[in-house]
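Q: Position chains Z and G relative to chain S; hints supplied.
These protein sequence lines map, in sequence, to chains S, Z and G.
Numbering follows the working numbering, with no gaps: position 69 of the first sequence is 69.
Numbering follows the working numbering, with no gaps: position 67 of the second sequence is 67.
Numbering follows the working numbering, with no gaps: position 113 of the third sequence is 113.
None of these hints come from the bench; they were simulated from the model.
Misleading hints may appear alongside valid ones.
Said to hold, decoys possible - Calculated lysine to any residue pairs in the SDA-like style (CA-CA distance at most 20 Å, straight line):
#1 S/24 to S/224
#2 G/117 to G/97
#3 G/24 to S/119
#4 S/71 to G/117
Claimed, not checked - In silico negatives: residues of chain S with every beta carbon more than 12 Å from chain Z:
#5 66
#6 92
#7 94
#8 126
#9 137
#10 139
#11 163
#12 169
#13 173
#14 191
#15 204
Stated by the list, open to error - To give an idea of the interface, some chain S residues facing chain G are shown, with a C-beta separation under 10 Å as derived from the structure:
#16 20
#17 23
#18 33
#19 60
#20 64
#21 78
#22 125
#23 128
#24 131
#25 149
#26 165
#27 238
We put the CB at the ideal spot given by N, CA and C, even for glycine.
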Amino acid sequence: MGLHIDHISLASPNIFRSADALNKETGLGYWTGEWIRDTAVHIVPLGPPGNFIEISGFVDVHTLKNMDEHKQWILDITETGDHFNGLCLGVDSMEELEAFAKHFGSKVNVPDNPDPATHFQRANGYILPMASTPSGKRSVWMKGLPNVYFYPDRTHHSSGQPVHPCEGMVRPTGIKWIEYGGTEEEMAKWLGIPNPGEVLKMKFNGKSLGLWAVCVGAEGKPDVVVRRPAASDAVPVSKFAD
Amino acid sequence: MAAVLDHIHMGSTNIYTSAYNLTKTTGIGHYDGGFMSSVTIGHKAVPLGGQVYIEIESIVDPFAVTPDKEPWFYKKALKAGTEIWSGLCLRVDTMEELGEIAKRHGGTISPRAGRRTRPDGPGVKFWSAPSIAGQGSPWEVGKPNWYCWEDRMYCHPSGQPVINTPGLVSPQGLDYLEMGGTEKEMEDWLGQPPSTLKMRFNGKSLGLYAIGVKTDTGKIIEIRRPSATQELTVETSSR
Amino acid sequence: MQISINHFSLGARNIYDAAERLHKETQLGFWTGEWVQTTACHMFPLGKDVFIEVEGTIDAHAFLKMPKPNYNYDALDTDNEYNGDHWTGLMLGVTSLADLEAVAARLGGTVSPDDSKVNPYSHFRRPDGYTMGYQGGPRFANGRPAKYPRGLPGWYYYPDVPGRSSNQPVVSRPHLATPTGVKWIEFGGTEELLSDWMGVPKASDVIPVRFNGKEVGTWAVCVGREGMDDVVIRRPTAASSIKDPSKYTTGPG
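For reference, chain S alone in the conformation it holds in the complex:
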């Protein structure tokens, strides 16, 4: 597939309420049960070739006793409701991922830790192996920038797991476009590719960096546009300037 959109992160103050609301708004179904440490995700598959929205949020309020910059960021961007806080791109091989790592001046975060607690886990016991870049103390999401993933085993990719039978469900047929802050030039520079708009179906709105909307096809129905503010709208990326 080459570089493609893999998934989108929607930070939520209450993932159950947000998933229910998104379903009522769009008809998109979701499945539950995936989590990592103090955070859980409800997954909203978006159709072939395999994309999804992960609605993510804290599920352990005791974690708030030990705050750090990232947790504070999540609290701050969800104080006024759902915000898109991550665009996650994908590649089809570790070699391609390593090329991006080199371009970012970083390393690949490899899924070789034997402790299940360091990986996304599902209610059926499946531990999700995925590699990503760039790797560092501070997520590039906080600067409104996408990162890149590689899944060694796509057969269990979150986009392909069955959803709960939700009310008024529509069948998603794939991402048609996404609306991103900033300009195509900025994104081209970040990713090191000349035409991210075409490759990644991106439109640019010149607002603060981050995702602002995603359009998904729906079988037999009009396209669905999920519009939420970017995280940078709640917490400016300048707060995390190096």
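A: The following block gives chains Z and G in isolation, referenced to the frame of chain S:
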């Protein structure tokens, strides 16, 4: 790029009892895979781990199928009185690779896409090779064929959840495939070393005879059935 | 009046982590997705219409705004070998609304209204839109009577038996045990106290309960498993980790 094993076809006369009994005897779970494009053939899937699965197929609407239109694997399973291993299917990632394989065998990519409809609705589309005019499927003569999925690995059958059944084990991929014929014959057909597909050979008539599935208990479960080319009656069939 | 065990509440800091540990400990299966407002549950059917709801707060902002001190939070915040898991409830069931109202009246309280159809988001809901229609009690308008400490069972009436949380399919995974029902419960306090609360001569004649004389509440649940040994799920009861109960309002029940 070398092809990898995608799935194994089990021809059956009743997908419900075949899937139920397979799960009961092996602990390997299954789920309903829907029905094939002809609407008369039903499908159960048995994920094996390692991105491989078994597809169990049989006629589910006998009144819609005249005897001359019954699939060959159905007739063979009926005659044998048991399921048969009716096919071995490899996977490539691109239609270009599939085209090269078809060309190497003097054929083409299947003129029409194969289709399966999942119980929750979405269609699954794939192309296969080689398709050679005037000849049946390679499976009928005990040879593997190749697939390319339209949506690549999206919702690949090997990654879907199985139904909840007491006593399930977690399959961890294949340990071996026991094939008829010889290694040389197979390498000539495949265009790659059979060892890349964990094949071993028993010198009998062509086709698949048994698979060994690794499990999380450490035990390897062998599933043995007659091959596609084995001459059998109910009396002589053996598991 | 027919009285049975309805369910158990197992309070957890992190319901995902707690459910995974409970599964590994018992091989019992669970399902996910049920929630109400700021609380979500992973459900463990135990057989014979009983279940454990592994329950926790899943809304950080709502938690920060909650009045403090918060009884359940403080109990769960106490470290133990189960990452803070505590039994937070034993719930009894009756088979009619009339029986539930009679229990509430006897104890000096009322029952919750059946407004699941008009206020669905005030009730436990599932992703498929199913809203749990049940009523519970007793609710005490002026706080809980002192003679009935926190930790004594709540009472429920669930009209829809097929829809019960105990009857929903668990997530499929290998080596699941099939639960065959609750064999016994270890409860704090005394038989006299629980019998008085239940309005029966002897509580252990009605439900399989034994008493350890410790703080009131569930301490252990023994569950049968088909073809396997029984499994005992032992956790401290919430009251045992509350240093000064007088700090907390007893609320409606």
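Q: Now, for every hint given, state plainly whether the structure supports it.
A: Hints, one by one, checked against the model:
For the suggested pair residue 24 of chain S and residue 224 of chain S, the alpha carbons sit about 12 Å apart, so the restraint of at most 20 Å is met. Distance check on the hinted pair: residue 117 of chain G and residue 97 of chain G sit about 17 Å apart at the alpha-carbon level, within 20 Å; holds. A distance of roughly 17 Å separates the Cα atoms of residue 24 of chain G and residue 119 of chain S; the hinted pair therefore holds under the 20 Å criterion. Our distance criterion of 20 Å between C-alpha atoms is broken by residue 71 of chain S and residue 117 of chain G, whose separation comes to about 37 Å.
Look at residue 66 of chain S: its CB is around 35 Å from the nearest CB on chain Z, clear of 12 Å, so calling it non-interface holds up. For residue 92 of chain S, the condition that its CB be more than 12 Å from all CB atoms of chain Z is violated, with the nearest at approximately 8 Å. Every C-beta of chain Z lies more than 12 Å from that of residue 94 of chain S, the closest at about 15 Å, which supports listing it as non-interface. Interface exclusion of residue 126 of chain S from chain Z breaks down, the closest Cβ pair being 9 Å apart, not more than 12 Å.
Residue 137 of chain S, annotated as away from the interface, keeps every beta carbon of chain Z farther than 12 Å; the closest lies near 33 Å. With a cut of 12 Å on Cβ distances, residue 139 of chain S stays outside the contact zone with chain Z, its closest approach being about 27 Å. At the 12 Å boundary, the C-beta of residue 163 of chain S falls inside the reach of chain Z, the nearest C-beta of that chain being 9 Å off. Separation of residue 169 of chain S from chain Z is inadequate, the least Cβ-Cβ distance of about 9 Å not exceeding the 12 Å criterion.
Under the 12 Å C-beta cut-off, the non-interface status given to residue 173 of chain S relative to chain Z is violated; the minimum distance is some 9 Å. At the 12 Å boundary, the C-beta of residue 191 of chain S stays outside the reach of chain Z, the nearest C-beta of that chain being 22 Å off. Residue placement check: residue 204 of chain S keeps its beta carbon more than 12 Å from all beta carbons of chain Z (closest about 28 Å). Annotation: interface hint on residue 20 of chain S holds; nearest CB of chain G at approximately 7 Å, less than 10 Å.
Taking 10 Å as the C-beta contact cut-off toward chain G, the hint placing residue 23 of chain S at the interface holds, the least distance being around 8 Å. Interface restraint check: residue 33 of chain S against chain G, minimum CB-CB distance 4 Å, threshold 10 Å, status holds. Below 10 Å, beta-carbon pairs count as interface contacts, and residue 60 of chain S has one with chain G at about 4 Å; its hint therefore holds. Against a cut-off of 10 Å between C-beta atoms, the interface hint on residue 64 of chain S holds, since the closest Cβ of chain G lies about 6 Å away.
For the restraint placing residue 78 of chain S at the interface with chain G, the shortest Cβ-Cβ distance is roughly 7 Å, inside the 10 Å limit, so the hint holds. Hint on residue 125 of chain S holds. Least Cβ distance to chain G is approximately 5 Å, under the 10 Å limit. For residue 128 of chain S, the shortest C-beta to C-beta distance to chain G is roughly 14 Å, which exceeds 10 Å, and the interface hint is violated. Annotation: residue 131 of chain S was flagged as interfacial toward chain G, and the flag is violated, the nearest CB pair being 23 Å apart, outside 10 Å.
A cut of 10 Å between beta carbons decides the hint on residue 149 of chain S: the least distance to chain G is about 22 Å, and the hint is violated. A distance limit of 10 Å between C-beta atoms decides the matter here; for residue 165 of chain S the minimum to chain G is near 5 Å, and the interface restraint holds. This hint is violated: residue 238 of chain S has a C-beta 24 Å from the nearest C-beta of chain G, more than the 10 Å allowed.
Going down the numbered hints, you'll see the structure goes against 4, 6, 8, 11, 12, 13, 23, 24, 25 and 27, while the others check out.
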